[in-house]
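Which chain is which? The protein sequence lines are A and B, in order. Sequential numbering from 1 applies to the first sequence in the numbering used here. Sequential numbering from 323 applies to the second sequence in the numbering used here.
Watch out, some of these pointers could steer you wrong.
To be verified - Partial list, computed: chain B residues near chain A (C-beta under 10 Å):
#1 Gly405
#2 Glu453
#3 His505
#4 Val506
#5 Thr507
#6 Gln508
#7 Tyr528
#8 Glu537
#9 Ile546
#10 Ala620
For the record, the hints were derived by calculation from the structure and aren't laboratory data. Just so you know, even glycine gets a beta-carbon here, dropped at the ideal spot from N, CA and C.
2 protein chains.
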Amino acid sequence: MHPMLVVGSVAFDTIHNNTGTHKRILGGSATFAAIAGSVFSRVQLVGIVGRDFPEQTVEALTAHGIDMSGLERSDGLTFHWEGRYSDDLTSRESLCTELNAFAEFHPKIPEAFCDTPYVMLGNIAPELQLEVLDQVRNPKLVVADTMNFWIESKREKLLEVLRRVDVLVINEEEARQLSGKHHVTQVSKALLAMGPKIVIVKQGEYGALLFHNGEVFAAPAYPIDQVTDPTGAGDTFAGALLGYVAHHGNARHDTLRRAVIFGSAMASFCVEGMGTDRVMSVDRKAVNERFRAFRKLAHFSSEDEVNEVEREDRGPEAQPTV
Amino acid sequence: MHPMLVVGSVAFDTIHNNTGTHKRILGGSATFAAIAGSVFSRVQLVGIVGRDFPEQTVEALTAHGIDMSGLERSDGLTFHWEGRYSDDLTSRESLCTELNAFAEFHPKIPEAFCDTPYVMLGNIAPELQLEVLDQVRNPKLVVADTMNFWIESKREKLLEVLRRVDVLVINEEEARQLSGKHHVTQVSKALLAMGPKIVIVKQGEYGALLFHNGEVFAAPAYPIDQVTDPTGAGDTFAGALLGYVAHHGNARHDTLRRAVIFGSAMASFCVEGMGTDRVMSVDRKAVNERFRAFRKLAHFSSEDEVNEVEREDRGPEAQPTV
Numbered sequence: 001m002h003p004m005l006v007v008g009s010v011a012f013d014t015i016h017n018n019t020g021t022h023k024r025i026l027g028g029s030a031t032f033a034a035i036a037g038s039v040f041s042r043v044q045l046v047g048i049v050g051r052d053f054p055e056q057t058v059e060a061l062t063a064h065g066i067d068m069s070g071l072e073r074s075d076g077l078t079f080h081w082e083g084r085y086s087d088d089l090t091s092r093e094s095l096c097t098e099l100n101a102f103a104e105f106h107p108k109i110p111e112a113f114c115d116t117p118y119v120m121l122g123n124i125a126p127e128l129q130l131e132v133l134d135q136v137r138n139p140k141l142v143v144a145d146t147m148n149f150w151i152e153s154k155r156e157k158l159l160e161v162l163r164r165v166d167v168l169v170i171n172e173e174e175a176r177q178l179s180g181k182h183h184v185t186q187v188s189k190a191l192l193a194m195g196p197k198i199v200i201v202k203q204g205e206y207g208a209l210l211f212h213n214g215e216v217f218a219a220p221a222y223p224i225d226q227v228t229d230p231t232g233a234g235d236t237f238a239g240a241l242l243g244y245v246a247h248h249g250n251a252r253h254d255t256l257r258r259a260v261i262f263g264s265a266m267a268s269f270c271v272e273g274m275g276t277d278r279v280m281s282v283d284r285k286a287v288n289e290r291f292r293a294f295r296k297l298a299h300f301s302s303e304d305e306v307n308e309v310e311r312e313d314r315g316p317e318a319q320p321t322v
Numbered sequence: 323m324h325p326m327l328v329v330g331s332v333a334f335d336t337i338h339n340n341t342g343t344h345k346r347i348l349g350g351s352a353t354f355a356a357i358a359g360s361v362f363s364r365v366q367l368v369g370i371v372g373r374d375f376p377e378q379t380v381e382a383l384t385a386h387g388i389d390m391s392g393l394e395r396s397d398g399l400t401f402h403w404e405g406r407y408s409d410d411l412t413s414r415e416s417l418c419t420e421l422n423a424f425a426e427f428h429p430k431i432p433e434a435f436c437d438t439p440y441v442m443l444g445n446i447a448p449e450l451q452l453e454v455l456d457q458v459r460n461p462k463l464v465v466a467d468t469m470n471f472w473i474e475s476k477r478e479k480l481l482e483v484l485r486r487v488d489v490l491v492i493n494e495e496e497a498r499q500l501s502g503k504h505h506v507t508q509v510s511k512a513l514l515a516m517g518p519k520i521v522i523v524k525q526g527e528y529g530a531l532l533f534h535n536g537e538v539f540a541a542p543a544y545p546i547d548q549v550t551d552p553t554g555a556g557d558t559f560a561g562a563l564l565g566y567v568a569h570h571g572n573a574r575h576d577t578l579r580r581a582v583i584f585g586s587a588m589a590s591f592c593v594e595g596m597g598t599d600r601v602m603s604v605d606r607k608a609v610n611e612r613f614r615a616f617r618k619l620a621h622f623s624s625e626d627e628v629n630e631v632e633r634e635d636r637g638p639e640a641q642p643t644v
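Turn these sequences into a full structure, and let the hints steer you where they fit.
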């Protein structure tokens, strides 16, 4: 098992959805990614909070296996985001974004974290992602997340980030926006040409696609009876994915496929609860159980059955129409 | 191998897409389904055409393994549809629908086809689908396709069909329309409650979901570099699916999973060419090869690796955070 470093936002979210209003619950890209990663590996978090951030939350995250010594304290207030989801949870509207302490954030990676082999650049400004890249030394694998806001406003800086990372995790709409292409095979080619050797396109309720080494892997989404809150699902996906890779200490293709499934499994837990509630309560046993459920969901033939298909290739009744 | 019966439309399509205008090419729901099914099993087609339908097309379909003796000839002209696809092929506009001979269609199932065990009710008016159900005797499995037009205009008749069929194949948008639900798990429950014991929701470029026996199977879509023409892909999917089931003579859950993959494989060939061009040229060997490509696309762990996950359940390092 190897440690992973997560750099991103730590926030309070106020969320309005069809279950009501949830005021100032724990959120932020680094928070979700770190919690998800810590189910698989040791996690180091770097972020900034304000004077209003409760010490007991820091303690709870520490107890969950996250090294919080890289959490900076500002005199100001903690980043606060407020949003409202549509009834079917397929869209959301930002009502208020108070950057507060986050406005002054410049990630300072503690010396003890600079040689951490697995690095996750959460969904923050590309300049800040570059500041992290300038501080870490010879990481084995760097994952970057991004969003429409940075694609529109900081495209050049983002392209600089992409030239320096190994993995881009991005949702489909944003992947189209960044690549200028529509069909996902063309989208992935364009994104791979920007630098990362691994591209993962998240398709929400339709799953995720992994492009690596000339191969494509299609992961389904877990069918959930009742989605409660999609906030943080993308960060959770990326954090669990990197945590699984860090646990195994390699990013071979077969490891990456399972990492995508573990990412999807953790994300499926995430959306079942409000904010971080559900991901905080999931242990490795629960996620392994969901991994097996994914296998049941996606697999369709044993080796025996593939051999049967091979026989049909050769047998006379395989070509009934000839 | 058992025979399958396909009842639906046989048509000429005039298609405008980004490769140009393709005038009066072979189309129709029964045509695509029969061609796709005939790669796996013997197919009997029931439909109607006009005096303008070339004898050589009938001969070509017969040579492909389709029993065309149920094709009715009318004095009028053959059904003609004209449509234009958007540049990204995600939407299409109907420019002209000339029912012609099809307006007077009442399926007459030849006596020799009435005991055929596998029956496909192509995407035609629910009343006509009911007329087929009144003529066939003790089929082992009946598959029905439908579309938004019938959901809106013939809902009661369609519900009557659904009470009498085994499998509903439907695209996601239409499944939402028919069920009044949004999330696919709720959609599928509502549709299963309408009668069919098997529901297959087609998600286009995202694949398909099979709901059967309390299990869910998620099939990916094959990533295609260049989609040429999506016309008939849904009919091709359903025809190949039923053809595979007919070939094996059972609709066990594991057979159905592979049938969905073979349906998806044939549909992926379909969209690569104009109209029926590509599906007409595919043999069982080619589709088996694509089946194996689907396995590579969707599978992510061997039994060994699942056992490794089981060991992680128990091993001390499986719970790094405790």
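Hints versus structure:
{"no.": "1", "hint": "Gly405", "result": "violated (20 Å)"}
{"no.": "2", "hint": "Glu453", "result": "violated (28 Å)"}
{"no.": "3", "hint": "His505", "result": "holds (7 Å)"}
{"no.": "4", "hint": "Val506", "result": "holds (6 Å)"}
{"no.": "5", "hint": "Thr507", "result": "holds (5 Å)"}
{"no.": "6", "hint": "Gln508", "result": "holds (8 Å)"}
{"no.": "7", "hint": "Tyr528", "result": "holds (4 Å)"}
{"no.": "8", "hint": "Glu537", "result": "holds (7 Å)"}
{"no.": "9", "hint": "Ile546", "result": "holds (7 Å)"}
{"no.": "10", "hint": "Ala620", "result": "holds (5 Å)"}
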